[in-house]
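J.: Here is how the chains run, residue by residue.
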Amino acid sequence: MEVFLAILVGVLFAGGIYCLLRRSVIRLIIGMILVSQGANLLVFVSAGIQKGEPPVIEAAAQTLEQPYADPLPQALVLTAIVIGFGFIAFALSLVYRAHKDLGNDDLNTYDRTEQ
Amino acid sequence: MDLLLILPFAIPLFAAVACVLFRESLRFQRLLSVLATFLMLGVSLVLIVDLSGGEILALRMGGWAVPMGIVMVADMLAAIMLTVSNAVGALVLVYSLGELDRSHQKRFFYPLYLLLLMGVNGSFLSGDIFNLYVWFEIMLLSSFVLLALGRKPAQIEGALKYVVINLFSSMLFLSAVGILYGKLGTLNMADLAVKLSQEPDAILLNTTTVLFMAAFGIKAGLFPLFFWLPASYHTPAHTISAVFAGLLTKVGVYALIRFFTLFFTQDIDFTHTLLLVLAVGTMVSGVLGAAAQFDFKRILSFHIISQIGYMIVGLGLMSTLALAGAIFYIVHHIIVKTNLFLIAGIVDRIQGSTDLKRLGGLYASRPWLAVLFFIPAFSLGGIPPLSGFWAKFSIIKAGLAEGAYWVVAAALLVGILTLFSMTKIWGEVFWKKRPEGEETPLANPSGTATMFFPVVAMALITLLLGFFAQPFFALAELAAEQLLDPGQYIEAVMGRTNG
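So the sequence lines, in the order shown, correspond to chains A and B.
Just so we're aligned: the first sequence equals residues 1 to 115 in the working numbering.
Just so we're aligned: the second sequence equals residues 1 to 499 in the working numbering.
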């Protein structure tokens, strides 16, 4: 399972960076979404995945006993997903404005900051 | 006493919420945000006085035991960064009262500005790497909106470039946090330092280390990752450019200093040599980029990059003098660079442009403005006895002591080229005659008095840092000693029993 997810992280990053390097603005946004999902998944996988083991201390025990599912990466991913969502929403509104101003989505024509 | 550490981010949070609630009354928002920023400055000053004895404050949020919960930590470096950032934050806000038009103010300028400062302050205090990521995002998200505020087409484009590169760097940061957590099982900086110092195969972490370096390098504007900066910083209103130029890249520099002194020190030969190489690349490419520009704000943007190089040189050399020099350099740079952007704003208000070809004759018409420009500009160039001289001097002296002669040579060369850029602005804006046919937009622009106050205040701080450098440098040295002895930081966070 972890190997499969690790490969998936690689695919998401590769696909995302490929899209980021295209000239179209919409692909840029898609690339950003893919990269951010790749990063979220990486955080999720990196601490190891335990199936069916609750992160709860037994009534008799003082500490967590192995094996247990680490709840922290999931909390981190949840935070990161929300933040990423905000980023993407704002980036989309920017792209919409830029597209309205310029009338095309070719990044090579986005050179007004250089004038 | 520890609870003092909450105030630098609690004050702006509550003030920002109140500003949103009272969105109809700009007057209330203005009053409250000025009050809040000066209060934050007061808190930082109390903190710096408290910590000047060399102790380190740590606050365990929610009372959780150490590696579990989030800690906020203030050592001397954090206190210095807080003080200078909040001083700049308060002064730039005063400037905005004169500069910004109503449409900016109505589109939530004040709450966004306060949230930006909250993100900056939180980043300096955080003792937890994921928490640091969250503070970074708070800062970035409000900076995105501030950058696009005003909605000029060039601004939208600049903001788009800025958003994409910063999102990418945040994802690198997040991935690095995830990998590090997977390897070591902790996010607390002090705990990381302990675990890494006991790790026999710490060299295997070099990939993660470089991932962090790339993430912070993008945010700090390090070579070769800086191209987003001059493409976006000159587009928004001058107030916003000024606060970005002063604070945002320096948060990246702060994170680099924190990470590469506290826990990524297992393989100094590799990491810190790499940092030195990158720093020299940053200095040289930034200053050469500036030489080709002909716009007031774009020249200044490129100079941010070259100055970042000096700070990272201080980190790369890793001696007390070098780190103290780097910290002094950050303080000097934040004040001087913000001030130069503010002056560019005043020039724009008086003559209606920031294009050097269209400006001129200001020495004849406004000699006081010329004097005010002279102080930060030549401080940036490193003319004694202004603050930039002491900053450069200590970095170069540390470089000679460490035998890094090629770094010293580059630093000296870049200093001369910086001076060249500043004299270019001086010659074009103040010295040469105004080109024929250029109209002055307003004979007597309104609001300039409020705009002059922060410029004068920052010029005075620059003079103070230059003429009375000793006490300030002593604080920077204290901060550097704490950085080079991570045991103090670890003990403050983990407590004596564990340490």
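Treat the hints loosely; a few may be bogus.
Cross-link-like lysine-lysine pairs, in silico, BS3-like; alpha carbons within 30 Å at most [to be verified]:
1. B:K106 x A:K100
2. B:K357 x B:K161
3. B:K195 x B:K183
4. B:K106 x B:K195
5. A:K100 x B:K183
6. B:K424 x B:K152
7. B:K195 x A:K51
8. B:K106 x B:K183
9. B:K424 x A:K100
10. A:K51 x B:K106
Bear in mind the hints are in silico, worked out from the structure with no lab data behind them.
Note that the coordinates shown come from a computational prediction; the quantities given were computed from them, not determined experimentally.
J.: Between the alpha carbons of K195 (chain B) and K183 (chain B), is the straight-line distance 30 Å or under?
T.: holds (10 Å)
J.: Starting from K106 (chain B), check that the Cα of K183 (chain B) is at most 30 Å away, please.
T.: violated (48 Å)
J.: Assess, step by step, whether the Cα of K195 (chain B) is no farther than 30 Å from the Cα of K51 (chain A), and give holds or violated.
T.: holds (28 Å)
J.: Are the Cα positions of K51 (chain A) and K106 (chain B) separated by 30 Å at most?
T.: violated (52 Å)
J.: Checking one constraint from the list: CA of K100 (chain A) to CA of K183 (chain B), max 30 Å. Satisfied?
T.: Measuring from Cα to Cα gives roughly 46 Å; hence the hint is violated.
J.: Between the alpha carbons of K357 (chain B) and K161 (chain B), is the straight-line distance 30 Å or under?
T.: holds (27 Å)
J.: Can the restraint linking K106 (chain B) and K100 (chain A) be considered satisfied, given a maximum Cα separation of 30 Å?
T.: With Cα atoms ~23 Å apart, K106 (chain B) and K100 (chain A) stay inside 30 Å; holds.
J.: For a C-alpha distance cap of 30 Å, please report whether K424 (chain B) and K100 (chain A) respect it.
T.: violated (38 Å)
J.: Regarding the pair K106 (chain B) and K195 (chain B), is the alpha-carbon distance no greater than 30 Å?
T.: violated (50 Å)
J.: Does K424 (chain B) pair with K152 (chain B) here, judged by a C-alpha cut-off of 30 Å?
T.: Measuring from Cα to Cα gives roughly 28 Å; hence the hint holds.
Comparing the model with each numbered hint stated earlier shows that hints 4, 5, 8, 9, 10 do not hold.
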